[in-house]
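Undergrad: Taking the hints into account, I'd like the entire structure generated from these sequences.
Chains as they are written, first to last, in the working numbering: chain A, 1 to 525; chain B, 1 to 195; chain C, 1 to 363.
Because the hints were derived from the structure by calculation, they are not lab data. Note that the coordinates shown come from a computational prediction; the quantities given were computed from them, not determined experimentally. Treat the hints with care, since some could be wrong.
[To be verified] Listed next, the stretches of chain B that the computed footprint assigns to chain A, with coverage defined by at least 3 CB atoms under 8 angstroms from CB atoms of chain A:
| no. | segment |
| --- | --- |
| 1 | 62–75 |
| 2 | 158–168 |
| 3 | 171–181 |
[Unchecked claim] Chain B is nowhere near these chain C residues, computed Cβ spacing over 12 angstroms in every case:
| no. | residue |
| --- | --- |
| 4 | Leu22 |
| 5 | Gly45 |
| 6 | Lys63 |
| 7 | Pro113 |
| 8 | Gly143 |
| 9 | Val167 |
Note that the Cβ used here is the ideal one computed from N, Cα and C, for glycine as well.
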Amino acid sequence: MTFDTASYVRDLYWLIPELWLTLVGFALLAASPYIRDGAGRRIAAWASAAGQAVALVLLFALYAGVSGVFGPATPEAPGAIYAMQFAHGRPLLLIDGFAIVLKAVVLVAGILATLMGIRLLETERIGRGEFHAVLVFAVVGAMFLISSTDFITIFVGLETMSLSVYLLVGWAKDSRKSNEAALKYFLLGAFAGGLLLYGMSLAYGATGTTNLFGLQQALAAGTPESGRWLLTLAILFMVVGCGFKIAAVPFHVWTPDAYEGAPTLVTSFMATAVKTAAFAMALRIFLLGFDAPAQAAQWTWLFGILAALSMTVGNVIAVLQDNVKRMLAYSSIAHVGYALMGLVAAGAALAGWIPEPQRSLAIELGQSSVVLYMVAYAFTAAGAFAVVILLRREGIEGDRIDDFSGMARRAPGTAAVMLVFLLSLAGIPATAGFIGKWWLFASVLQGGGYRWLAVLAALNTAVSLYYYLRVAVRMYMEIPADELPYAVTPSLTAAVALAAIGTLAIGLWPEPVLRLVSGTAQLLP
Amino acid sequence: MEFVVFAIFAALAVLAAAGVVVARNPVYCAVALLVSLLSVAALFLVLWAEFIAVVQIMVYAGGVMVLFLFVIMLVDLEQRGFDLGAGRIGPRPSAFERGLWAVAALAFGALVLSLMVRSLDLPLPGADRAATMLQGPYAADGRGLGNTEWIGMLLYTDWLVPFELASVLLLVAIIGAVVLARRDQADAPAGKGAA
Amino acid sequence: MYPVLQYFVVPFIHGVVLTLVLLLCVAYLTFMERKVIAFMQVRIGPNRVGPRGLLQPIADVVKLLIKEDLTPDAANRVIFYIAPVIATLSTIAAFAVIPYGGPEATVSIFGFPIRPYLADVNVGILYVISISSIGVFGIVLGGWASNSKYPLLGGLRSAAQMISYEVPFGLAIIGVLMVTGTASLVEIVQWQQQHTWLFWLQPFAVVLFFIAGVAENNRAPFDLPEAESELVAGFHTEYSGFKFAFFFLAEYIAMIVVSALVVTLFFGGWLPVTFGLGHLFPKLPALLSGAWGGPWVMLLFGMGWVFIKVFFMLYLYLWIRATFPRYRYDQLMNIGWKFMIPASLAWIVLTGAGILAVQAIRS
Chain A
1 MTFDTASYVR DLYWLIPELW LTLVGFALLA ASPYIRDGAG RRIAAWASAA
51 GQAVALVLLF ALYAGVSGVF GPATPEAPGA IYAMQFAHGR PLLLIDGFAI
101 VLKAVVLVAG ILATLMGIRL LETERIGRGE FHAVLVFAVV GAMFLISSTD
151 FITIFVGLET MSLSVYLLVG WAKDSRKSNE AALKYFLLGA FAGGLLLYGM
201 SLAYGATGTT NLFGLQQALA AGTPESGRWL LTLAILFMVV GCGFKIAAVP
251 FHVWTPDAYE GAPTLVTSFM ATAVKTAAFA MALRIFLLGF DAPAQAAQWT
301 WLFGILAALS MTVGNVIAVL QDNVKRMLAY SSIAHVGYAL MGLVAAGAAL
351 AGWIPEPQRS LAIELGQSSV VLYMVAYAFT AAGAFAVVIL LRREGIEGDR
401 IDDFSGMARR APGTAAVMLV FLLSLAGIPA TAGFIGKWWL FASVLQGGGY
451 RWLAVLAALN TAVSLYYYLR VAVRMYMEIP ADELPYAVTP SLTAAVALAA
501 IGTLAIGLWP EPVLRLVSGT AQLLP
Chain B
1 MEFVVFAIFA ALAVLAAAGV VVARNPVYCA VALLVSLLSV AALFLVLWAE
51 FIAVVQIMVY AGGVMVLFLF VIMLVDLEQR GFDLGAGRIG PRPSAFERGL
101 WAVAALAFGA LVLSLMVRSL DLPLPGADRA ATMLQGPYAA DGRGLGNTEW
151 IGMLLYTDWL VPFELASVLL LVAIIGAVVL ARRDQADAPA GKGAA
Chain C
1 MYPVLQYFVV PFIHGVVLTL VLLLCVAYLT FMERKVIAFM QVRIGPNRVG
51 PRGLLQPIAD VVKLLIKEDL TPDAANRVIF YIAPVIATLS TIAAFAVIPY
101 GGPEATVSIF GFPIRPYLAD VNVGILYVIS ISSIGVFGIV LGGWASNSKY
151 PLLGGLRSAA QMISYEVPFG LAIIGVLMVT GTASLVEIVQ WQQQHTWLFW
201 LQPFAVVLFF IAGVAENNRA PFDLPEAESE LVAGFHTEYS GFKFAFFFLA
251 EYIAMIVVSA LVVTLFFGGW LPVTFGLGHL FPKLPALLSG AWGGPWVMLL
301 FGMGWVFIKV FFMLYLYLWI RATFPRYRYD QLMNIGWKFM IPASLAWIVL
351 TGAGILAVQA IRS
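TA: Rendered as structure tokens:
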């Protein structure tokens, strides 16, 4: 066994953003015992945001020149910029366009969550310095997860992210709601992790490899009869595990409670970063590992059902909610349903249900539309949660829909921005949500027997308009509910502004993002 | 020979696992779980995976289960009227509901079992590969590396990045345990900066 | 020849003999303890039964055997019975891999080769640690099954202490593994045969390992679980007769196991003590190890050396018990987590640096 030091140094070079972020986490952790007052905590929060911003810059600086992200992919290794950490000759981590864009989304989500929560943490009296360290570690885990192409790295990355987030959800120790949320999220999350692991072990038993590329090769080479049955079970368990992690119906029951009980900035992080990373995991596992027609046929219809159930149940129950955070939780479940359409479209193409030439288009569109949707949804949802944080003041929980009453009169700018977010969530043109949904519809309309999903999604969008506009009605047509000034802080304003700019920019001038995202479609070598 | 040992410990593992679920006294559950874990360690030994077997005992039996017992013993379940069978939140489900769950569980169990059984009769590619890997440390390398050395080599070369990431994971777990368990006064009064 | 005989019956008999020897050792260890402590406290100690009190342990055993075996009414009977068995079996099992002679001292009885150790597995030292970690269950379960407050508290205390000190106990060994590159106890001693006692290379690790070992055994000055003044007798308050004897055995066998481990890991196991004269008189090691007389002589000499070295370690145990006052529980935990663990980690780093330095000098 030879140890090639040079190749390891090269590997580490490609991991610089993650390594840097880990260092930031360590620094925050080391500093936290010495942070006693509010000012120190604010500095720590800004430092954390700055550290993540630097990681974002590093991410793009490293890849922009080298990759095919901003142009055509390099012919030698289409899509994959760099495959690292070879175990048994197969990469454990892949730095490709897909990874870079989604890592950027996670980082942006992390930055937004950090910025929007500075005041909130003080109000909730949970602003201990370790909070930001744990948040940064969650981002690190998510970034690793997004790059992973091996069950081992997938699981370690997933658990690093999940464990940090369980912790963040329960950070408000004195709040019973937070405790409940953390407990539910932890128990179901751990259970889902176990199911996922079980699926992985079955896949390993059937093919003898933990690597997604290896799995792909083994499936392409054809599996014996016995292996096929094991793989069916593996797929079943992994679909359930992924379903839990992305919060798809019927594996969504933890979502509303966890989203409501968690400190709102954590909710925002969960809805954006965690969901993005979980989708990346699902895409990698199913589009890369289980891309053989026989297997694709199995998971496609499972995800088709999940998609239909998620968007319908999510939207219908969201109508009944009085609590904004719960409403947004159900709305996020519905959005998972929309996003799954992309996966289903790609799966239908892989299963061979879509004839050429639409087949390759469907695969490509399916993947990139999910990525695009994650980008769009991250900005929109983070913005919406940031506005909810604005309502949280000393003595006022501020998470009921009624709390929005009269916002247009008291803070016209904020109300307008919130309207943008709501419209984007509903998928109205000129917003990011519209672009995302448009691509998803396009992908599923390529054929393959899942056109009905597009119809269902359109119907659901109509339903969703009702409850999004209900908030808008409160803001514009009712008198203010209270007189306490909104919790405006520079950081929160910055977060809202960033999210709004992102949402509008993608909606009004989508070209750069679309170029970026179509570079990610080369997931399948 | 190998099969006899396997059969004994596999049966023990499954029976003990069933005991974990069935036993009403939580301490019995813990002891049954301990037996199950030890049996699995024995199964690892049958596979010549000595290191994993020992680690299984050290980590699960020596560490995790002791903590389980701690919690079970310190939280006096009986005194709080907590009967494991009846301790539940919300109303007791109706007979119909329970029947429904039972049918669902049975159906799913039957599905899993049948798929498993169907894959029993034919050789699995993974099994062959695992067999060659098992001989690998001793045969292929020629240097006669033992199990422990082999795992160490793999962990610190091919699998270095996930290994290091796992340390971050454990760090987060430690922070979590400390943060959630600590009773702190620091946050009780609002910080000076809080408005 | 007869695989069943060779791989099952013979090792079984070997194990039984080993266990019986161990039991005899324990019996006289108690005698030694009483005598040594009496000596240090300027008393005479047991001196009535047999010549110079030498039959005292036998009398003690008989007393324990014929004593009434009580089980408290409210106790959980099944676990009350199982707990002492777990405690004793796990410590006896740990002895399986401890060598009392080199592979060259393999003797043949009725044609079956008998090696001077029950097993030589390549995870030897890890096996000892993992098996001894099961012993905790005996104590915890025994304390709980008694259904009485002092045993419960004593059991929990001792379990917390044991799992806390298991960490430095294991970490202290890592330096040894790094230097020798093997976890097999036989190979570790062979390494020392070729180089030098690991004590000279790992002096700090010896100290850490022994302290952690004493705490693992719940021995003075870390014998809080059975602090008479606080907890009556700790986890075995409700135990009497034969079941009590089992706990008693477990504690003393564990002492012997830790002593034997220290000897094997750091003081050259079965290797003879040459007081550094081996270089002056090259024949001395061979002479003292019995290499002149074939396997039987080597076996005898190896056992002799192991016995002498273990005897000294046990004496150290008793010496510490006689001279140090008992720690308070929080002090104990502070030492464990805030000194022992960081110190053993630092020692690992230091060892690594040392190995790198040696490699750099050599190349």
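Undergrad: Now, for every hint given, state plainly whether the structure supports it.
TA: Against the structure, the hints come out as follows:
Three residues within the 8 angstroms Cβ limit are the bar, and the segment 62–75 of chain B against chain A gives 0, so the coverage statement is violated. Remark: the segment 158–168 of chain B is confirmed as covered by chain A, as 8 of its residues place a Cβ nearer than 8 angstroms to a Cβ of that chain, reaching the required three. With 7 residues bearing a CB less than 8 angstroms from a CB of chain A, the segment 171–181 of chain B meets the requirement of three and the coverage assertion stands. Residue-level check passed: Leu22 (chain C) sits 22 angstroms from the nearest beta carbon of chain B, beyond 12 angstroms.
At the 12 angstroms boundary, the C-beta of Gly45 (chain C) stays outside the reach of chain B, the nearest C-beta of that chain being 37 angstroms off. Under the 12 angstroms C-beta cut-off, the non-interface status given to Lys63 (chain C) relative to chain B holds; the minimum distance is some 32 angstroms. Remark: the non-interface label on Pro113 (chain C) is consistent with the geometry, its nearest Cβ contact in chain B lying 20 angstroms away (cut-off 12 angstroms). A beta-carbon of chain B is positioned within 12 angstroms of the beta-carbon of Gly143 (chain C); the least distance is around 8 angstroms.
For Val167 (chain C), the requirement that its beta carbon stay farther than 12 angstroms from each beta carbon of chain B is not met, with the minimum near 9 angstroms.
Hints 1, 8, 9, counting from the list given before, are not met by this structure.
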